[in-house]
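Undergrad: Here is what each chain is made of, one letter per residue.
2 protein chains.
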Amino acid sequence: MNEPWVKSSGDLVESLVAEVARLGGLAEAQIADCVDAVTRRDVPLAQAVVARDVKLDALQADIERRAIDLIATRQPTGRALRRSVAALKIAMNLERCGDLARNIAKRSLVLSESEPLTPLTRSIERMGRLVAGRLKEVLDAYTAGELDKATGVWVRDEEVDEHYNSLFRELLTYMMGDPRTIAPGAHLLFIAKNLERIGDHATNIAEIIHFEITGDVMSGERPKWDSLQRRSDTLKEEG
Amino acid sequence: MNEPWVKSSGDLVESLVAEVARLGGLAEAQIADCVDAVTRRDVPLAQAVVARDVKLDALQADIERRAIDLIATRQPTGRALRRSVAALKIAMNLERCGDLARNIAKRSLVLSESEPLTPLTRSIERMGRLVAGRLKEVLDAYTAGELDKATGVWVRDEEVDEHYNSLFRELLTYMMGDPRTIAPGAHLLFIAKNLERIGDHATNIAEIIHFEITGDVMSGERPKWDSLQRRSDTLKEEG
Numbered sequence: 019m020n021e022p023w024v025k026s027s028g029d030l031v032e033s034l035v036a037e038v039a040r041l042g043g044l045a046e047a048q049i050a051d052c053v054d055a056v057t058r059r060d061v062p063l064a065q066a067v068v069a070r071d072v073k074l075d076a077l078q079a080d081i082e083r084r085a086i087d088l089i090a091t092r093q094p095t096g097r098a099l100r101r102s103v104a105a106l107k108i109a110m111n112l113e114r115c116g117d118l119a120r121n122i123a124k125r126s127l128v129l130s131e132s133e134p135l136t137p138l139t140r141s142i143e144r145m146g147r148l149v150a151g152r153l154k155e156v157l158d159a160y161t162a163g164e165l166d167k168a169t170g171v172w173v174r175d176e177e178v179d180e181h182y183n184s185l186f187r188e189l190l191t192y193m194m195g196d197p198r199t200i201a202p203g204a205h206l207l208f209i210a211k212n213l214e215r216i217g218d219h220a221t222n223i224a225e226i227i228h229f230e231i232t233g234d235v236m237s238g239e240r241p242k243w244d245s246l247q248r249r250s251d252t253l254k255e256e257g
Numbered sequence: 019m020n021e022p023w024v025k026s027s028g029d030l031v032e033s034l035v036a037e038v039a040r041l042g043g044l045a046e047a048q049i050a051d052c053v054d055a056v057t058r059r060d061v062p063l064a065q066a067v068v069a070r071d072v073k074l075d076a077l078q079a080d081i082e083r084r085a086i087d088l089i090a091t092r093q094p095t096g097r098a099l100r101r102s103v104a105a106l107k108i109a110m111n112l113e114r115c116g117d118l119a120r121n122i123a124k125r126s127l128v129l130s131e132s133e134p135l136t137p138l139t140r141s142i143e144r145m146g147r148l149v150a151g152r153l154k155e156v157l158d159a160y161t162a163g164e165l166d167k168a169t170g171v172w173v174r175d176e177e178v179d180e181h182y183n184s185l186f187r188e189l190l191t192y193m194m195g196d197p198r199t200i201a202p203g204a205h206l207l208f209i210a211k212n213l214e215r216i217g218d219h220a221t222n223i224a225e226i227i228h229f230e231i232t233g234d235v236m237s238g239e240r241p242k243w244d245s246l247q248r249r250s251d252t253l254k255e256e257g
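Listed in order, the protein sequences are those of chains V and D.
Heads up: the first sequence at position 198 corresponds to 216 in our numbering, and the numbers run straight through without jumps.
Heads up: the second sequence at position 203 corresponds to 221 in our numbering, and the numbers run straight through without jumps.
Only chain V is shown next, with the shape it has when bound in the complex (with noise of 0.2 Å):
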C-alpha cells in the first residue's frame, strides 16, 4: 500500500468529494439554464439542458460505483466512512436535481408554443433564483465543510414552501379568470413544484452534510416536516 502509484485512501475519499462537487456545478448550471429558458422562451437553451442530462447521469453512476467500491475494499471508519457515504448520497439527490431541470426545460418547449404568460413567469424566475441559490449555498458548505452554512440552508426550508404556496395560489387564480391559461398554466404549475422539490433536495444535502460532520442526525424539528403540515393547511385553503 506504500507504492507511491497506490492512492491512499484519504486520497480516493477526497477525489470523489472532488467529483461531487463538480456534479454539484453541472446541476446548479441546469437549473439556472431551465429557468431562463422557460423566462426567456428559449427553445434551444432548453434542448440543451436535455441533451446534457445524461452527463449528470453518467458522473452519478460513477461516483456510486467509486464510493461503494471504496467502502467495500478500504474499509473506512468514522468521518471517512461518513464522508464516502455522504458523497454517494448528495450525489443521488444532484443527479435528481438534474432529472428535474431536465423536466422543466422540457416543459418549457412546451410553453413556448403558447401565449406567453409574463406575469406567471417572473414568479417562476424569482423562485427559481431562490432555489438557485440554495443549492448554491449547501454546495458551498460541502466544499469547505462549514457546518453553520448547512444548518443555515436547513432551517430556512419554508421559506421555498411559501413561495411555492404563493405562486400555486397565483396561477389558479389566472386559470380560472381565463380558460385559455389552463393548460400552459397546468405545466408552471408542475414547473413550480419541480423547483420546490430542487428546495428539497438542498435541504436534504444540507442533512447529509450535518450527519457527515458530526456522526449525528439533526436534532429539533425537521423544518420540512413542520412546512409540510403547514402546507397541507394551506392545501385544505386551495382546495
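Hints are computed from structural coordinates only; laboratory data are not their basis.
Where hints are given, some of them may not hold.
[Claimed, not checked] Here are the computed lysine-lysine pairs in the DSSO-like style, where the Cα-Cα straight-line distance is at most 27 Å:
1) K154/D x K73/D
2) K211/D x K211/V
3) K211/V x K73/D
4) K167/D x K154/D
5) K167/D x K211/D
6) K211/D x K154/D
7) K211/V x K167/V
8) K73/V x K211/D
9) K211/V x K73/V
Starting from the structure of chain V, add chain D where the hints point.
TA: Here is chain D on its own, set in the frame of chain V:
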C-alpha cells in the same frame, strides 16, 4: 467468526433482503390505501396513510445503516456485494413510493372538502391499480429472484406513461369546461403525476434487480428514455 451467535455475511445479506421485502409490503399497502382514500373520500384512511409514513422512513434508514455497515465490515464481493447494494437502493426507491403515497393522501384530504368529480376519480383509481400492480410484480421478482419478471416490468413502463398522458388530457378538458373544477383538478393532476412517479420507481427497481442478478446494466434502449422523448412530444400536443 465461527461462534454460533455471530451471523455469517450470507445471513446478514438475506436478513437485509427480508427487511427490504417488508418495506415493500408496507409501501404496497400505503399505495392501495391512498388511492382508496381518494376514490372513497375516506378522511380517516388518508390520515392513517400520512401517519404511517414515518414507519417506512425509519425502516429505510435502518436498511441503509445495515447495508453500509455490512459492506464496510464484511467486504462482500460479486453477487453478495451487488445484493447488498441492491437492497440499499431498492429501499430508497420504496421510501420515495411511500412519500408519494403520503402526498396523495394529503391531497385526498383537500379533495374531500370540494364537490366529488366521480368520473375523474375513477380514472385515478384505474391508474392507481395499474401502478400498484406494477410494484407488486417487481417486488415478487425481487423476492423470487426472477429476472424475466423484472424485465417484464421494465419493458412495459410506457403503459403507465400512456395512462398518465390520457389522464392529463382528461383533467385539462374538465378544467376548461367548468372553472369550478380547476382547484380540485389541479390536485388530481398532481395525484396522477405522483402515481406515474410510483410507476417510474417500479421500473428503477426492475433495473436494480437486473444488475443484482446479472452484474450488467440493462441493455437496449431504456423504455423510460423512450417514453420521456415521446412524452415530450405528447406534451407539445397538449400545450
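Undergrad: Against this structure, judge whether each hint is valid.
TA: Right, here's what the structure says about each hint:
1. Under the criterion of a C-alpha separation no larger than 27 Å, the hint pairing K154/D with K73/D is consistent with the structure, at around 20 Å.
2. Note on K211/D and K211/V: the hinted pairing holds, with a Cα-Cα distance of about 11 Å set against a maximum of 27 Å.
3. With a C-alpha separation of about 25 Å, the suggested pair K211/V and K73/D falls inside the 27 Å cut-off, and the hint holds.
4. Only pairs whose Cα atoms come within 27 Å are accepted, and K167/D paired with K154/D is accepted, the gap being roughly 11 Å.
5. Restraint check for K167/D and K211/D: the C-alpha separation of about 25 Å stays at or below 27 Å, so the hint holds.
6. Using a Cα cut-off of 27 Å, the hinted pair K211/D and K154/D holds, with the two alpha carbons roughly 19 Å apart.
7. Between K211/V and K167/V the alpha-carbon distance is near 25 Å, which keeps this suggested pair within the 27 Å criterion.
8. Note on K73/V and K211/D: the hinted pairing holds, with a Cα-Cα distance of about 25 Å set against a maximum of 27 Å.
9. Distance restraint check for K211/V and K73/V: the Cα-Cα separation of roughly 24 Å lies within the 27 Å cut-off, and the hinted pair is therefore satisfied.
Violation of the numbered hints given earlier is absent; every hint is satisfied by the structure.
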